[in-house]
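*Asks:* Chain by chain, the residues run as shown.
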Amino acid sequence: MRRLANYMSTLCVGLAALTPVRSSHADLQGGGDQLPPAGELTKAPKLVKFVEAPYPESEKKAGQAGKAASVTLQIAISDTGTVIDVVVVGSAGAAFDSAAVAAARLFLFSPAEIDGKPAPVVLTYRYDFKVQEVKAGPVVNFEGLVKDRFSKKPIEGVTVTVDALAPVKTDKDGRFTFTDLAPGKHNVTLAGPTFVTVSTDETIEQGKKLEVKYAVEPKQEKLPGEEEADIEIVVVAPKIKKEVVSTAIKVEEGRKVAGTSGDTLKVVQNLPGVARASFGSGALVVWGAAPNDTRVYIDGVRIPLLYHVGGLRSTINSDIVRGIDLAPGGYGPEYGGGLGGLVTVETRALRNDKVHGYVSADMIDASTMIEAPIDGKTRVAAAARRSYLQKTLGLFTKEDVSDFVPIPSYFDAQFKLERDLGTNESLTLLVIGSSDTLTRTLTSPDPAQVKSEETLATFGRAILTYRKSLSDGSTIFVTPSFGRDHQRTISKFGGTPTELDILGTAFGIRAGWRSKLTTYLTMTAGLDFEAMMSDLSRQGAVTLPPREGDIHVFGQPPGDQLNVDEWSTNIGMLAPFVNADFSLFEGKLHVVPGARLAGFVTSGSRVTPIKGETPKIGFTHEETVVEPRLNLRWAPSDRLSFKAAFGRYHQAPQAEDLSAVFGNPSLGIASATHWLAGVNFKLTPKLSIETVGFYSKSANLVARSQASTPLLAQALVQEGEGRAFGGQLLLRQELAKGFFGWISYSLIRSERKDHDGANWRLFDYDQTHVLTVLGSYDLGKGFEVGARVRYASGFPRTPVIDAFYDARRDLYEPHFGAQNSIRVPAFFSTDVRFAKRFTFGGTKLEVFLDVQNVFNKKNAEDIAYNYNYRERANITGLPILPVLGARAEW
Amino acid sequence: MARMARLGSVALVASLAGLGCKPEFKGRSSEIRGPAVLAVRSTPAEADPIRDVTVHYEALVVQPSGTMEGASIDWAFCTTPKPLAELNDVAYLCFDRNDAAVNGDPDAGSGRAAYVTPIGVGPDVSAVLPRNGCRQFGSDVPEPVNKDDPAGRPADPDGTGGYYQPVTLVLGPDPNNWAVGETRLSCGLPGATSEALGEYRQRYHANQNPEIYEAHLLRGVNGSEDVTLNGVGAGDPAVVRAGETLKLRVVWPTCPSSAVCGDGICSGAEDAKACEADCKDPHGCTGAETYAFYELKSRSVIDRREAMRVSFYATGGSFLDDRTGRGESEGQNFADDTWTAPNAPGPVTLWLVLRDSRGGVNWATYPLVVGTPGK
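Note that the protein sequences, when read in sequence, are chains A and B. Position 831 of the first sequence, counting from 1, maps to 820 under our numbering, and the rest follow consecutively. Position 47 of the second sequence, counting from 1, maps to 65 under our numbering, and the rest follow consecutively.
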C-alpha cells in the first residue's frame, strides 16, 4: 500500500481577525528531518485549539487600533500534539513576541505521524498582528487558493463546497472566498475535472478569518488499494540532503524489476553509472572505480558485502529496507574512506498497528519476516533467509551438480528493535548477519587437474542508533556499531594450495547534528569513526588470486611458487566533518560547501617476513588529510535544475595488502578527486530526464611490483594512477497509472597506469557502454508484467599471441599482446517478470515467474583458450533461467 | 503449481549445468600435429649450483611421423627471474627477442632473447649451472639492481619446496617454437631457523629422475590379455587391432616409505655416516620418493611423498585422458589410461612421459603396429 506521503500536497493555514486582531500563518512541516532519515510524514499535525493573543497595549497608539506585526515562531509539538516549546525565530518586538509565544504555548494540535506512528515534529508558525478597520456588511472569514501540486500554478474553475452551502468556483488566480461562515467545524470539498476530488475539515473561529492554500494532484488512474492524494505537508525542519547525483529506489518499485527475483537491492546493478557485473560475481563497479572502492552502508554503518557470493541475492532483506540510494561520486562529507561510489541502504521504521509478516519462497531460497508492536513505545521485527539451490538441484539430477558448478549456499538474518524513549527521542537496535559458503570439487585422473574450492564469507553488525529532535528543530543522532567479519578461501589446484583467512572485528561511531540555523543556512556537523582489527593468514602463490592489472586469461593454471604469512592489522579512520547548506534566492540555489578532516591510522604486526628467530617488528602509519567537498544545485524553475559537485576522497589500504610477504606493510592511503556536473529536467511531474558528466582521477593506487627482483616486503607498491570520465543519462518514469520504468545509459572510460613511465591502459573493469531499459506495468486485477533489457560492452582482456611449453609442469604458458587491447563480446539480455496478486482477507499472496535471458542468448562472459593457446573461444554465461516463486504477506 | 515448479527447476538445472562451461576445443595435447617438445630431462634432476655441477639436458622431440631424432635445439639458460606481476613460471624477458634488439644486446639479431646465456645447439647439451641460481631463482637474497639498494625479495619455492633454473629451448627451424625446461636447485630454506635448516639438510636428498618400470596394453574385460610393451623396439613393435580399445598401464618402481639401511636407496635421515652402504654413492628411488619438506606454515620439516603424473601421446588413435597419475596420498605405483587404436592399419608411435612432482622426468617410446580389425 502506498503511503500518504507519496502524495505530496500543500496545506497552508492562516487566521485573521478584525481590529485589533491576530492572524497567524502556519507552514506545517515535518518528517525526514533527522540524520539519518527519520521516516516519512504520514499524517500532518493539525491545529485543533487556537488561542488568541491579546494585542499588546504598549503597541497601541492613542486613539488608534495599533500597527501590523508578524512574529515567526518555531513550535515544537510532542507526539500527543501538545506544545512543548516555542522559540521566536522572527521577532516583531518584545511585546509582540511575548504575546505570541504565550498564546502559542496554549495551542493544541492533532498529533503528527511519521511512518504511521505519532511522532514529535517542529513547525514554523507566523503569528500576524494586523490592523483592519471594522466594516459593515458581509465579512469574508474563509478564503483560499487552489493550485496544482506539481506545476504550482493556480487552478481556475475548481468547485469549492463548504458543507451544504452553495459552491463557489475559483477565479483565474485560483482564489475563492466565503463570507459569514458560522464558527465551528466545516467540511470543505474541492472538485474539478482535472484532479481527484478531495475533502478536508476546517474550523472557523469567531471573529477570525481562515486563509488556506490547497495543492491538489492531477488526476491519475488509481490502482486498487491506492489512497487518494490529498494534502502535502511541506517540511520546514532541515530536510535530508541528498547527494548531488544519486538515484534512489523505492522498495516497492525495486521488487517489481524483472531479473531481480524480487530483490530490491539488486536493482543497484541497473542504475546509471554501474557496470554490469559478470555472472556470478556481484561486483559493484561504479563510474569506473574498483569494486572495493565503492562502499556500502546500512543505516550509516559500513558492511563488507551487499550481495551474497555469486551475486544471486543481496545480504539485506528487502522488506526491512525503506530505500536504497546510489551516489556514484561527488558525495558530501558525511561519508568517506572510499575512492569510488557510495551505496546507502536505509532500513524502514517499524509499524505499530498490528503484527505484520510475510513468507516467500522460490527455487533459489526462502525467506520470512515478522514485525510486531510490543507496547505503545516498542516495536520489533525479525527476518531470515536461507538458500537451498543445492538441494533443489539434487531433486532433479543424479549428479552432484554443485561439485561442478559454483552454487553458493547462503543465509542472512536481520533483527530490529525500536524504542521510543520519550518525547522526540528514540533508540533503535539493528542486528544483521550474513553467511555464505561455497564448496566444489572437480575430480580428475590427473592429480595436477584435481581442483577443490571452499569459500566462507560471513559478517555481522550490531548497530545502535540514538536520535533526538531538539526544540529548535535541530536533530542529533549517535550510532555506535560493532561487527565481526570472517572471510576464508581454501582451494587446491593440483598440488598448489591457496588459503586466505581474514578474521576482522569492526568498530564504529557515527554521530551528527543538523540544524537550520537561519532560513538560508542549514548546518550539519558530525563525526565518522570506523576501525577494523584483523587477523590474517595466507598461503599460496603471490599471484593468486590475480589483482587488477595482472595479465592473465580465464582458466590459466596458477603459478606454483608458494609462500605463507600470518599477520595482523589495525586500520582506523577518524573524520569529523561539517557541511553548510546555503539556500539562496528562495531556495533556488543551494551552495553546499563541506569538509572532512580525516585521520587514518594503520598498524600491523610485522614489517618484514619471518626470518629464523628474528623477533617481529610492527609498524604504525598515521596520515591526516583534509577532504573538501562542494555541491551546487540551482533550480531556475520547478522543472529544471542544474547540479555540480567536487570532492576529495581517501582510502586506507586493504588489510590483506599489508602482508610483508604478499604485499607491503608500508602502504599508505590512496586518494581520488571527483568532478561532476549535470542537469535534470522534468518532462512531466513524474517523468524526468537527467544527464551527468563526470571526471575522476586517483593516485597512490596499489599495484603489483613490476620489478623482477622487488625489494623485501614490497611485493606491492603504491605507484598506480587512475582516471575515469564519461557521462550517464537517466530517463525515469516514476509510478503513474500503474507504470514505472527507466532508461539508463552510461558512457564511461576508465584507465589505469601502474607506475611512472607506464602507458595508460584500460582498467580491467572498464565497460564503455551500459544500457538498461526496464519497466513494470500493472495490468489490473492483480496482474503485473515487467521487462528488462540490458546491453553492456564486454570487459577488456589481453590477447594471447604466443605460448611456450613448460616441460616441468607439462603445460603451455601464454605470451600476451597489448594489455587489455581486446574485449569480451558485448552482453545483451532480455528478462521478463509476470506476477499475479491475490487477496484473502488480510493476507496478500503474490505468485511470480521471473525469467532471465528469455531469448536464451549465448552471452559471452569471458574468453578461454585451448591447452596450447592456439584456439580461442568464448565462455557463455547464463542461459534462460526461470525462477518461480510465491510470497504471502499480512 | 507443483508441475510449474518442477518444470522451472528442471530448466534451472539445465541452465546451471551450462554455466561457466569452457567451450569444447578440437585439439588435444595427446595428439601430435607438428614438431613439438614433449619433455626436457635434466641429469641430474637436482643440483646445488654453487658446486659447479655440469648438467646434461636432453629433450623428447616428436613430430607426426614419430620421434624427431637429432633435432636442432637452441639451448640457453634464462638469467632473470620473473616479475611478481607475471603469472607465468618463467620471465617473459627470457623469450622476448624484441627486448634484445631494443637494448642493444649483443645477441640482438641472433634470434635469442636478451636475458639468456646460450649453452649450445643440438638434440642434447651439457652445461655448468650458473652459480647465482639460488640468488636469481632461489631462496637467497637476490643481488640488488643498484649497489645501494636494500635487500631484495627471494623467490618463493614451489609446492614441493623446490627452486628451478630455467633453460629455454627453441626448436628449429621455427623460431617461435619455444619450450622451457628446468633443473631443480638445491638451495637453502626461506626464513628457517638454524635448527630447522640443520634437520632439513640431514634428511633431504636430491631428487632423482623417475623411470618407467613397466608399460602394458591390457585387452579384455578385466585386462586378461597383456600386450606388454617392455622390450618392444623398432624391430619388434607391439601389434594391436585396428579400432580396438585397450587399457594402458604405466608402472614405476615402488619406493620405501621409510629409510632402511641396505635397501640401496639413500633416503630419510640416512647419510653416509649413518648408512654408508646406501649413501656412500647416494641413489634415490626412481618411483614416488618420500622426501623431507620444509613446511612454511608450521616452520617445521615433515615427510611428503611425490605425486606422479603420466602424459600420453601417440601419432594415432585417441586416449580417454591425456594425463593420469597418482596424488601424494595415493599409494599405488601405476597409472591407467584407455587408448583406442586408429581404424587405419599402420605404424603408430606411443610416448609415455613420467614426471614426479619435484621436477624429475623420464620417458619411453613404443612403436606399435595397428593390424586389421580382429587380428
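Watch out, some of these pointers could steer you wrong.
[Unchecked claim] Distance windows between CB atoms, simulated: (1) B:G389 <-> A:S433: 30 to 36 Å; (2) A:N845 <-> B:N164: 55 to 61 Å; (3) B:D321 <-> A:D524: 25 to 31 Å.
[Said to hold, decoys possible] Some chain A residues flagged as far from chain B (calculated, every beta-carbon gap over 10 Å): (4) V531; (5) N552; (6) Y856.
[Stated by the list, open to error] Only pairs whose alpha carbons sit at most 27 Å apart, straight line, appear in this in silico DSS-like list of lysine-lysine: (7) B:K44 <-> A:K605; (8) A:K239 <-> A:K32; (9) A:K32 <-> A:K675; (10) A:K440 <-> B:K165; (11) A:K847 <-> B:K265; (12) A:K440 <-> B:K315; (13) B:K44 <-> B:K265; (14) A:K141 <-> A:K161; (15) A:K726 <-> A:K825; (16) A:K726 <-> A:K671; (17) A:K600 <-> B:K315; (18) A:K605 <-> A:K577; (19) A:K671 <-> A:K141; (20) A:K174 <-> A:K35; (21) A:K440 <-> A:K675; (22) A:K742 <-> A:K770; (23) A:K726 <-> A:K32; (24) A:K600 <-> B:K265; (25) A:K833 <-> B:K315; (26) A:K239 <-> A:K457; (27) A:K481 <-> B:K165; (28) A:K142 <-> A:K847; (29) A:K142 <-> A:K202; (30) A:K675 <-> A:K605; (31) A:K846 <-> B:K44; (32) A:K32 <-> A:K174; (33) A:K32 <-> A:K343.
Derived from the structure by calculation, the hints contain no laboratory data. The C-beta atom is built at its ideal place from N, Cα and C for all residues, glycine as well.
*Asks:* Checking a non-interface call: every C-beta of chain B should be farther than 10 Å from the C-beta of V531 (chain A). Is that right?
*Replies:* V531 (chain A) not clear of chain B: closest Cβ-Cβ about 5 Å, inside 10 Å.
*Asks:* Sort out whether K577 (chain A) lies within 27 Å of K605 (chain A), counting only the CA atoms.
*Replies:* violated, 60 Å
*Asks:* Is K440 (chain A) within 27 Å of K675 (chain A), Cα to Cα?
*Replies:* violated, 53 Å
*Asks:* Given the hint that K44 (chain B) pairs with K605 (chain A), does the C-alpha gap stay at or below 27 Å?
*Replies:* violated, 54 Å
*Asks:* So if I understand the rule, the pair passes when the alpha-carbon distance is 27 Å or less; does K833 (chain A) with K315 (chain B) pass?
*Replies:* At roughly 57 Å apart (the allowed maximum being 27 Å), K315 (chain B) and K833 (chain A) break the hint.
*Asks:* Does K726 (chain A) pair with K671 (chain A) here, judged by a C-alpha cut-off of 27 Å?
*Replies:* With Cα atoms ~17 Å apart, K726 (chain A) and K671 (chain A) stay inside 27 Å; holds.
*Asks:* Is it true that the CA of K239 (chain A) sits at most 27 Å from the CA of K457 (chain A)?
*Replies:* holds, 26 Å
*Asks:* Taking only the CA atoms, is the gap from K847 (chain A) to K265 (chain B) under or equal to 27 Å?
*Replies:* Not satisfied, since the Cα-Cα distance of roughly 39 Å exceeds 27 Å.
*Asks:* Would the least Cβ to Cβ distance between N552 (chain A) and chain B come out above 10 Å?
*Replies:* violated, 4 Å
*Asks:* Assess, step by step, whether the Cα of K32 (chain A) is no farther than 27 Å from the Cα of K675 (chain A), and give holds or violated.
*Replies:* holds, 23 Å
*Asks:* Taking C-beta pairs only, is Y856 (chain A) more than 10 Å away from all of chain B?
*Replies:* With a cut-off of 10 Å, Y856 (chain A) comes too close to chain B, as the shortest Cβ separation is near 5 Å.
*Asks:* For the pair supplied as a hint, K174 (chain A) and K35 (chain A), confirm whether the alpha-carbon distance does not exceed 27 Å.
*Replies:* Holds: K174 (chain A) and K35 (chain A) sit about 13 Å apart, inside 27 Å.
Of the hints listed earlier, those the structure fails to meet are numbers 4, 5, 6, 7, 10, 11, 18, 21, 22, 24, 25, 27, 28, 30, in rising order.
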